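Novice: If you want the building blocks of each chain, they are given just below.
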Amino acid sequence: MPSLGDFLAVGAGLFVLGLFGALMKRTAVAVLMGIELMLNAANLNLVAFAAFSGRISGQIFALFVIALAAAEVAVGLAILLSLFRSRATVRMDDIDLLKG
Amino acid sequence: MGQPYLRLAAAALILAAFVLGTAAFLVWFERKLLGRMQVRPGPNRVGPGGLLQPVADILKLTVKEDILPEHADRPLFRLAPLMAFVPAFAAFVVLPFGPGLVSADLNIGLLWILAVSTVSVLALIAAGWASNSKYALLGGMRAAAQMISYEVPLVLSLIGVVLAAGSLRLGRIVAAQAHLWFAVPQVLGFIVYLIAATAESNRSPFDLPEGESELVAGFHTEYSGVRFAFFFLAEYSYVFLAAAIATLAFLGGWSGPFLPPVVWFLVKTYAVIFFIIWLRATLPRIRIDQLLSFGWKVLLPLSLVNIFLVGLFRFI
Amino acid sequence: MPEAFGILTLATLGGALGVVLATDVVHSAYFLVLAFLGVAGYYFLLGGEFVGAVQILIYAGAVAVLFLFAVMLTRRRADPVWGRSPARWLGVGGAAALLAWLLLTHLERHPWPTKLPPPAPHNTALIGKALFRPFVVPFEVVSVLLLAALVGALLLARKEGGAS
Amino acid sequence: MVLAVWLLPLASFLILLAAGRRLGHRSGVVSSVLTGLTLPGVVALLAAAPAGTTRLAAWPWLGILGHGLSLGWLVDPLSVMMAGVVALVSTLVQVYSLAYMKGDRDFPVFFAEISLFTFAMQGLVFAPDLLQLFIFWELVGLCSYLLIGFWHTRPAAARAATKAFVVTRTGDLGLLAGILLLWSATGTLNIPRLLALAGSGALGGWVLTGSALLVFAGAVGKSAQFPLHTWLPDAMEGPTPISALIHAATMVAAGVYLVARMYPLFAASPTALEVVASIGALTALLAAGMGLVENELKRVVAYSTMSQLGYMMLGLGTGAYTAGLFQLFNHAFFKSLLFLAAGSVIHAADTHDLRRMGGLARRLPLSAPAFLAGALALGGIPPFSGFFSKDPIIAATAHQPALYAAALAGALLTSLYIFRAYFLVFAGTPRGEHPGGEGSSAMRGPLWILTVLSLGSGLAYHFFHRYLGRHPAAPYPVWSGSTWITLAVSGTGILLAWLLFANRPVERPRLAAPAHRLLAERFYLDQLYAGTIVRPILALSRAASWLDRRAVDGLVNGLARMVMSFGRGLRRVEVGRAQSYALAAFWGLALFILLLEGVR
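Chains as they are written, first to last, in this note's numbering: chain A, 12 to 111; chain B, 2 to 317; chain C, 8 to 171; chain D, 96 to 695.
Derived by calculation from the structure, the hints in this document are not laboratory data.
Nothing here was measured: the structure is a model prediction, and the numbers come from that model.
Hints are supplied without guarantee of correctness; some may be wrong.
What the hints assert, rightly or not - Keeping only pairs whose Cα atoms sit at most 25 angstroms apart, straight-line, the calculated SDA-like set for lysine to any residue is:
#, chain 1, residue 1, chain 2, residue 2
1, D, K258, D, S636
2, B, K135, C, L80
3, C, K136, A, A81
4, B, K298, B, V188
5, C, K136, B, V188
6, C, K122, B, N108
7, C, K136, B, A177
8, B, K135, C, K136
9, C, K136, B, N108
10, C, K136, B, D106
11, C, K136, B, L305
12, C, K136, B, V153
13, B, K298, B, L164
14, B, K65, B, V94
15, C, K136, A, A80
16, C, K136, A, T100
17, C, K122, B, Y6
18, B, K135, A, S68
19, C, K136, B, Y6
20, C, K136, B, K65
21, C, K136, B, L164
22, B, K298, B, P285
23, B, K298, C, K136
24, B, K298, C, L152
25, C, K136, B, G167
26, C, K122, A, A81
27, C, K122, A, F72
28, C, K122, A, S68
29, C, K136, B, A166
30, B, K298, B, L310
31, C, K136, A, A99
32, C, K136, A, S68
33, B, K135, C, T16
34, C, K136, A, R66
Unchecked claim - Examples of chain B residues lying across from chain C (beta carbon under 8 angstroms, computed):
#, residue
35, A13
36, L16
37, W130
What the hints assert, rightly or not - A partial selection of chain C residues facing chain B, derived with a Cβ cut-off under 10 angstroms:
#, residue
38, F51
39, L52
40, E56
Cβ atoms here follow ideal geometry from the backbone N, Cα and C, with glycine treated the same way.
With the hints as extra help, turn the sequences into a complete structure.
Specialist: Have a look at this one:
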């Protein structure tokens with residue numbers, strides 16, 4: 012029987028991988044994927060805690076996060092598309108308008 | 002410890018056999034029906050009334066050469082047919098053929114079917130993408146756009162049923178129709194569901210992703226042999242699934258007098274299938290922009306009206 | 008149960024690893040679907056069927072498709088992690104390793120419960136009630152946010168000078 | 096009610112500020128109507144605040160060391176009277192300006208500034224707290240500055256505005272010092288409480304006298320009393336309606352109002368009262384003398400304003416409290432009348448110079464009698480209003496020979512200079528091209544109303560006295576022994592003016608040449624100030640400027656250069672890539688967690 016810690020460990024691994032992807036990938040789409048992995052890791056923790064504590068609110072939170080993640084992806088990808096249209100690139104290293 | 006897995010494996014095996022058999026039968030059923038509707042005999046050489054025609058087809062496909070197009074994305078190309086079939090199979094898991102006749106009676110059965118069947122879009126995109134061919138890619142993209150668009154009215158039309166039954170469990174939904182089929186009070190939802198489900202399974206008149214005259218054969222243009230068979234299988238599984246859900250959600254499921262429940266279930270399901278094939282034989286294919294605007298501007302509002310009406314009646 | 012957990016872990020972490028290491032962004036997207044499905048499996052394992060089904064519906068069904076569309080529309084496929092500079096590898100790899108070490112050592116220190124309380128029989132109904140009683144306000148806020156995101160995404164993705 | 100009277104002008108200001116450009120010419124109407132709407136409010140206040148009552152409302156606003164500074168209002172006969180004057184004159188002047196300022200490029204700005212001024216003035220009038228009074232006092236000063244310099248492209252106007260600002264600020268410094276002194280001595284700035292303290296004798300000695308004199312310094316600056324009077328004549332560079340409103344009827348009277356408001360403070364200190372009376376008398380005399388030789392019509396009226404303000408101070412200083420305030424009340428009307436009539440004249444004659452006017456009576460059938468009415472009121476000829484206030488003031492000085500002599504001499508000069516101006520403008524033959532005639536109805540209406548008020552406001556004498564009277568003491572009789580003397584003196588002035596200036600083609604210096612020069616150069620006070628104050632200050636400023644540029648700026652610039660080079664260094668880190676930022680942020684977080692670990 013896996014313990015709560017095991018679920019959390021999977022969550023941790025998922026988060027670390029997501030972080031690695033978000034920081035390492037060059038394509039903006041791939042970076043967004045990394046972010047989604049991190050969100051999923053957080054969600055997994057939420058649901059795991061909810062299940063082991065016998066309370067429902069963790070699941071509710073996970074639902075909210077899923078909804079927000081969907082919105083985030085939609086808007087993020089829309090931004091990306093308009094960026095691609097105006098600058099013809101989705102390479103993270105080329106998107107440097109924040110440069111000081 | 003091994004007990005539950007053994008049972009699971011047995012159930013899976015039985016289901017797989019059933020799905021395969023149903024799909025094969027459906028191929029014959031459709032061809033025969035189309036033939037009759039177009040005043041021609043249809044398959045009639047292999048077996049009695051051509052009943053063994055699908056078997057011959059499958060044999061032919063398995064021995065056919067498996068062609069991998071050049072510059073194809075090999076892993077995805079190989080994976081796509083499986084991806085198309087597995088969700089359909091997963092959806093069958095929660096399908097009750099009669100009281101208690103179900104592999105896994107999830108209490109969110111309906112939602113499970115909806116969720117799992119959306120995954121098949123990924124297979125179409127994968128097939129279109131991996132083939133490295135513009136017809137296939139266009140077909141895949143069209144399929145994705147169409148399925149995403151019609152997913153919305155489909156789900157919304159079923160929400161009315163869920164509201165009325167007060168449960169997502171398919172068994173409960175059937176039980177709630179003991180007195181009156183939901184197709185009667187929710188006739189609007191039923192119509193929307195039928196149209197959206199037909200579009201979901203990419204069937205005529207919504208078969209744009211594989212419109213022969215425009216895109217050769219759409220996303221599976223480059224497929225042949227066993228891989229092609231899998232797509233074929235998946236498509237007919239979805240037709241059966243769509244009809245089964247219509248039966249369960251709107252037509253009272255397995256309930257009926259005299260005959261055993263399973264028979265009633267199959268009779269109703271095949272009646273719906275007959276209707277879907279009838280549509281194919283009757284209606285011409287519509288244009289992609291008509292398709293999308295029809296989905297968003299007609300079906301979506303209608304399904305919302307349906308939900309509103311159901312809520313209103315429940316409230317009263 | 009332990010077997011299922013193992014398979015799911017393999018799928019989830021394998022999928023995540025695939026997302027990171029795949030050179031083709033389309034492959035990354037499909038690995039991502041694998042990871043999503045794995046996480047959904049955990050939810051089922053934990054007795055949260057509703058969240059699990061929603062996870063499949065939204066993530067595997069919608070988000071993944073969005074990703075695929077974005078990849079195909081931006082026409083850039085190759086994205087190998089191997090081509091990054093050593094400094095980047097050191098920075099990111101070190102960060103990831105440090106984070107993993109921190110999290111895992113902390114997890115190990117704590118005695119976690121192993122027994123799952125019996126799942127509520129009407130889990131989905133409970134979620135529904137919770138959503139519409141104590142969580143109505145966040146629920147409505149989220150719905151407004153979704154609407155805003157919908158309109159925003161439409162505006163952003165529309166072609167410049169938007170025909171019609 | 097108070098809020099309506101107080102805030103309607105503010106609303107007008109805000110509206111014009113936001114939409115002035117769009118409203119264009121309608122902005123003046125908006126402002127006039129909103130200001131006019133405050134008049135019923137004042138009438139209601141008059142009914143709500145019968146004689147001898149005081150209503151106080153204050154909300155704590157800023158706490159300092161436990162003493163709350165508050166914002167609110169004080170409604171008593173004095174403030175209601177002053178508010179009435181402000182509201183009435185402001186409304187009339189705005190209506191007049193609709194025509195006078197027509198076609199000006201910054202028309203909406205003009206009305207916005209007038210509205211702001213009216214708001215500030217009412218805030219000053221109703222202030223229950225010295226700090227609030229000071230705030231609005233300064234706001235009024237700012238409006239005055241803005242409006243004097245309204246035609247800021249004219250260098251003379253810009254210079255005059257600056258001069259007015261600086262000179263009055265000198266007095267305000269005294270006021271501020273006085274306020275601080277009172278604060279440190281009593282710990283309160285609430286006016287009724289302060290006055291009660293002063294009246295009960297709790298406040299005494301040098302603090303009392305000192306604070307009274309410091310407050311008076313503020314009044315001297317605002318009311319253009321000697322020796323801080325030099326700014327007022329120059330302020331005539333502003334538009335004529337502004338001269339009428341701010342530099343005749345309201346703002347300059349604020350000094351007198353301040354003294355009246357703080358009267359118990361002065362009354363408790365004989366020294367302070369003496370100073371007020373002496374300054375008032377001196378100003379009345381000197382200004383009248385300067386007015387005699389001035390050749391610019393508006394400046395003549397401006398000198399007369401200074402002079403009349405001197406009379407008010409004199410009245411307050413000699414204990415003729417109600418008479419002094421009644422003079423303020425009447426003066427507001429007849430002086431606005433004189434200014435507006437002068438505005439009509441200037442409008443018609445297209446010149447400010449008396450020597451180039453003449454024979455305008457026929458051209459200006461309304462302005463001429465209006466000016467005459469104002470002049471008679473100013474000269475104190477019954478039944479015009481000036482008589483009812485000025486005569487009691489002069490009578491009150493009767494027991495102090497020096498003041499009495501000055502007051503009488505001032506009265507003589509007053510009639511002399513104002514009728515000199517009248518005869519030079521309206522009598523005789525034209526001495527120049529006079530293109531225009533009477534203005535539009537918007538200009539004529541206020542003239543009419545003010546003429547009637549100048550004729551009639553004196554009749555309110557008894558009511559005014561009962562309403563504002565502080566002491567139960569008997570009122571000064573309207574007709575006393577000295578009245579005959581005063582009337583004789585004033586009449587002499589008019590006669591002299593007629594003999595000297597009527598029907599003369601060009602004015603010749605009639606007075607002894609040195610005296611004339613002395614008066615024309617305004618007693619050399621401007622030069623004196625230039626030599627003794629302005630030049631040393633300029634030298635000091637230059638030194639300070641050098642120090643500032645070399646030492647202070649050097650330090651600051653050095654710092655800035657340091658920061659800039661630091662920033663340039665940082666810039667290299669800012670590559671603009673989100674991933675790099677995220678990585679840096681993550682490392683920061685990780686190190687922070689590690690640090691916490693170590694601590695534990």
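Novice: Decide, hint by hint, whether the structure agrees.
Specialist: Going down the list of hints, with the structure as the test:
Among the hinted pairs, K258(D) with S636(D) is consistent with the structure: their alpha-carbon atoms are about 17 angstroms apart, no more than 25 angstroms. At roughly 14 angstroms between alpha-carbon atoms, K135(B) and L80(C) fall within 25 angstroms of each other, so this suggested pair holds. In summary, the hint linking K136(C) to A81(A) is supported, as the alpha carbons are separated by about 23 angstroms, within the 25 angstroms threshold. Of the pairs offered as hints, the one joining K298(B) and V188(B) holds, with about 19 angstroms between alpha carbons and a cut-off of 25 angstroms not exceeded.
Of the supplied pair hints, the one linking K136(C) and V188(B) is violated, its CA atoms being roughly 28 angstroms apart against a limit of 25 angstroms. Straight-line distance between C-alpha atoms of K122(C) and N108(B) comes to about 23 angstroms, which keeps the hinted pair within the 25 angstroms bound. A threshold of 25 angstroms between alpha carbons decides the hint, and for K136(C) with A177(B) the separation of about 21 angstroms falls inside it, so the pair holds. A distance of roughly 49 angstroms separates the Cα atoms of K135(B) and K136(C); the hinted pair therefore is violated under the 25 angstroms criterion.
Distance hint between K136(C) and N108(B) is fulfilled; the C-alpha atoms sit about 16 angstroms from each other, no more than 25 angstroms. Distance check on the hinted pair: K136(C) and D106(B) sit about 22 angstroms apart at the alpha-carbon level, within 25 angstroms; holds. For the suggested pair K136(C) and L305(B), the alpha carbons sit about 22 angstroms apart, so the restraint of at most 25 angstroms is met. Among the hinted pairs, K136(C) with V153(B) is consistent with the structure: their alpha-carbon atoms are about 24 angstroms apart, no more than 25 angstroms.
A distance of roughly 23 angstroms separates the Cα atoms of K298(B) and L164(B); the hinted pair therefore holds under the 25 angstroms criterion. A threshold of 25 angstroms between alpha carbons decides the hint, and for K65(B) with V94(B) the separation of about 31 angstroms lies outside it, so the pair is violated. Between the alpha carbons of K136(C) and A80(A) the distance comes to roughly 23 angstroms, so the proposed pair stays at or under 25 angstroms and holds. A distance of roughly 46 angstroms separates the Cα atoms of K136(C) and T100(A); the hinted pair therefore is violated under the 25 angstroms criterion.
For the hint pairing K122(C) with Y6(B), the CA-to-CA distance comes to about 22 angstroms; that is within 25 angstroms, so the pair holds. Proposed proximity of K135(B) and S68(A) is contradicted: the alpha carbons are some 48 angstroms apart, above 25 angstroms. At most 25 angstroms may separate the alpha-carbon atoms for a hinted pair to count; K136(C) and Y6(B) exceed this at roughly 35 angstroms. Distance hint between K136(C) and K65(B) is unfulfilled; the C-alpha atoms sit about 56 angstroms from each other, more than 25 angstroms.
For the hint linking K136(C) to L164(B), the alpha-carbon distance of about 14 angstroms falls within 25 angstroms, and the restraint holds. Between K298(B) and P285(B) the CA atoms are separated by roughly 21 angstroms; this keeps the pair inside 25 angstroms, and the hint holds. At most 25 angstroms may separate the alpha-carbon atoms for a hinted pair to count; K298(B) and K136(C) exceed this at roughly 32 angstroms. For the proposed pair K298(B) and L152(C), the alpha carbon gap of about 23 angstroms is at most 25 angstroms, so the pair holds.
For a cut-off of 25 angstroms, the pair hint linking K136(C) to G167(B) stands: about 13 angstroms separates their Cα positions. Restraint check: the Cα-Cα separation between K122(C) and A81(A) comes to about 33 angstroms, which exceeds 25 angstroms; the hinted pair is violated. Between K122(C) and F72(A), the direct Cα distance comes to roughly 22 angstroms. Compliance with the 25 angstroms bound is thereby established for this hinted pair. With a C-alpha separation of about 19 angstroms, the suggested pair K122(C) and S68(A) falls inside the 25 angstroms cut-off, and the hint holds.
A C-alpha spacing of about 16 angstroms is found between K136(C) and A166(B), which places the hinted pair at or below 25 angstroms, so the restraint holds. Between K298(B) and L310(B), the direct Cα distance comes to roughly 19 angstroms. Compliance with the 25 angstroms bound is thereby established for this hinted pair. Between K136(C) and A99(A) the alpha-carbon distance is near 48 angstroms, which puts this suggested pair outside the 25 angstroms criterion. For the proposed pair K136(C) and S68(A), the alpha carbon gap of about 11 angstroms is at most 25 angstroms, so the pair holds.
Of the pairs offered as hints, the one joining K135(B) and T16(C) is violated, with about 37 angstroms between alpha carbons and a cut-off of 25 angstroms exceeded. The suggested pairing of K136(C) with R66(A) holds, with an alpha-carbon distance near 13 angstroms, which does not exceed 25 angstroms. Residue-level restraint check for A13(B) is violated (minimum Cβ-Cβ distance to chain C is 15 angstroms; threshold 8 angstroms). At a threshold of 8 angstroms, the smallest CB-CB gap from L16(B) to chain C is about 18 angstroms, leaving the interface hint violated.
Against a cut-off of 8 angstroms between C-beta atoms, the interface hint on W130(B) holds, since the closest Cβ of chain C lies about 6 angstroms away. Given hint, F51(C) at the interface with chain B, holds; its Cβ is 9 angstroms from that chain's nearest Cβ, closer than 10 angstroms. A distance limit of 10 angstroms between C-beta atoms decides the matter here; for L52(C) the minimum to chain B is near 14 angstroms, and the interface restraint is violated. The closest approach between the C-beta of E56(C) and any C-beta of chain B is roughly 5 angstroms, which is under the 10 angstroms cut-off, so the hint is satisfied.
Going down the numbered hints, you'll see the structure goes against 5, 8, 14, 16, 18, 19, 20, 23, 26, 31, 33, 35, 36 and 39, while the others check out.
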